[in-house]
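Build out the structure end to end from the sequences listed, making use of the hints.
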Amino acid sequence: MNNNPNNEWLVVVNPNAGTGKGKKDWNKISQLLNKFEFAYHTFFTERKLHAMESIPGFIEQGFRKIIVIGGDGTMNEVVNGIFAQNKVQATDITLGMVSVGTGNDWGRTYNIPRDYQQAIEIIKQEKTLHQDAGYVTYTNGSGQNSRFFANMAGLGFDGLVAQKTNAAKEKGRSNPFVYLGTLISSLFYYKSTNIRVTINGCEIKDKVFSIAIGIGQYNGGGMKQAPDARPDDGLFDLTIIKHMKKTSMLANLKNLYSGQIKKVKQVQILQGNNVRIESDIPILLETDGESLGYSPFEFNILPKSLKIIMSHIAP
Numbered sequence: 001m002n003n004n005p006n007n008e009w010l011v012v013v014n015p016n017a018g019t020g021k022g023k024k025d026w027n028k029i030s031q032l033l034n035k036f037e038f039a040y041h042t043f044f045t046e047r048k049l050h051a052m053e054s055i056p057g058f059i060e061q062g063f064r065k066i067i068v069i070g071g072d073g074t075m076n077e078v079v080n081g082i083f084a085q086n087k088v089q090a091t092d093i094t095l096g097m098v099s100v101g102t103g104n105d106w107g108r109t110y111n112i113p114r115d116y117q118q119a120i121e122i123i124k125q126e127k128t129l130h131q132d133a134g135y136v137t138y139t140n141g142s143g144q145n146s147r148f149f150a151n152m153a154g155l156g157f158d159g160l161v162a163q164k165t166n167a168a169k170e171k172g173r174s175n176p177f178v179y180l181g182t183l184i185s186s187l188f189y190y191k192s193t194n195i196r197v198t199i200n201g202c203e204i205k206d207k208v209f210s211i212a213i214g215i216g217q218y219n220g221g222g223m224k225q226a227p228d229a230r231p232d233d234g235l236f237d238l239t240i241i242k243h244m245k246k247t248s249m250l251a252n253l254k255n256l257y258s259g260q261i262k263k264v265k266q267v268q269i270l271q272g273n274n275v276r277i278e279s280d281i282p283i284l285l286e287t288d289g290e291s292l293g294y295s296p297f298e299f300n301i302l303p304k305s306l307k308i309i310m311s312h313i314a315p
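Under the working numbering, think of the first position of the sequence shown as 1, with each following residue one higher.
Check each hint, because a few of them may be wrong.
[As the list claims (entries may be wrong)] Only pairs whose alpha carbons sit at most 20 Å apart, straight line, appear in this in silico SDA-like list of lysine to any residue: (1) 263 - 234; (2) 35 - 8; (3) 207 - 265; (4) 254 - 185; (5) 21 - 117; (6) 307 - 204; (7) 191 - 117; (8) 35 - 114; (9) 307 - 91; (10) 242 - 252; (11) 87 - 54; (12) 242 - 281; (13) 205 - 298; (14) 48 - 8; (15) 127 - 252; (16) 242 - 204; (17) 254 - 267; (18) 24 - 47; (19) 304 - 234; (20) 242 - 206; (21) 207 - 192; (22) 254 - 178; (23) 307 - 47; (24) 24 - 115; (25) 262 - 248; (26) 21 - 115; (27) 21 - 114; (28) 246 - 291; (29) 23 - 7; (30) 307 - 19; (31) 207 - 178; (32) 23 - 117; (33) 28 - 117; (34) 246 - 192; (35) 191 - 291; (36) 87 - 62; (37) 164 - 19; (38) 205 - 267.
Hints are computed from structural coordinates only; laboratory data are not their basis.
Keep in mind the model is a prediction, meaning the values are calculated, not measured.
Printed below as a string of structure tokens:
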């Protein structure tokens with residue numbers, strides 16, 4: 001390995017991603033990195049937020065190229081670590097991913113294969129795109145906080161499902177079916193909330209079930225909830241699902257996966273770069289699958305602020 005960090009990749013491995021798949025498959029992935037002659041330094045995360053806290057130090061040392069071996073949550077931590085430092089511009093860092101998580105929604109927008117060798121071949125080619133990033137302020141037990149995100153934020157029902165899914169993950173239960181099961185069980189008791197959405201200065205008031213705020217197109221392990229989102233257009237795509245009967249929600253579940261949710265009459269699609277959301281009672285927030293806090297929220301977009309390695313954007 002080359003000892004100059006400027007010429008090395010920093011490989012961030014989350015051993016717990018995919019219920020231990022990161023640890024189990026690391027030997028196979030490292031062999032492929034060696035096969036394709038990557039010079040790299042490996043960093044294994046040991047706890048939640050470890051990557052976020054550590055990335056600024058690695059950038060200070062000189063690393064400018066990062067491969068994430070994990071899921072959407074690991075990618076989110078690395079992105080927040082990139083924005084937390086002042087040594088270089090975020091776009092000076094090249095970011096690639098080998099998906100070993102359960103959702104892997106960030107990579108779906110870019111058609112990044114789940115096959116490890118194919119994903120590493122794409123990273124080796126270093127075809128890059130400058131994608132947008134989101135920045136949200138929210139409330140939690142310690143007051144107002146903020147977070148960057150690279151793919152999608154979910155509010156209301158989406159926030160509740162993420163919270164319950166993450167609790168299941170912490171107990172060692174983690175696969176797409178856990179998310180789907182949590183989603184269906186939560187449908188029967190979650191209540192829609194009166195919400196005020198201000199987007200680029202225009203206000204909308206309605207009784208709302210959930211809101212997805214997308215840079216990418218997918219969340220929830222393959223749900224195409226922001227079907228027309230383009231990650232480099234400088235705009236959030238908001239999918240607002242208004243109050244509907246539980247039977248209608250179940251009937252339309254297939255439309256969440258196919259991208260046809262936008263044709264449902266209780267769904268409104270909006271675009272904007274500044275979004276404020278207030279609610280009569282607090283609603284939960286998740287970004288890139290990570291549970292964070294509750295309303296009120298303000299979202300702003302940072303256009304073309306991340307340099308990522310991609311295959312091609314999904315149609």
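Run through the hints listed earlier and report the numbers of any the structure violates, in increasing order. 1, 6, 7, 14, 15, 23, 28, 29, 30 and 31
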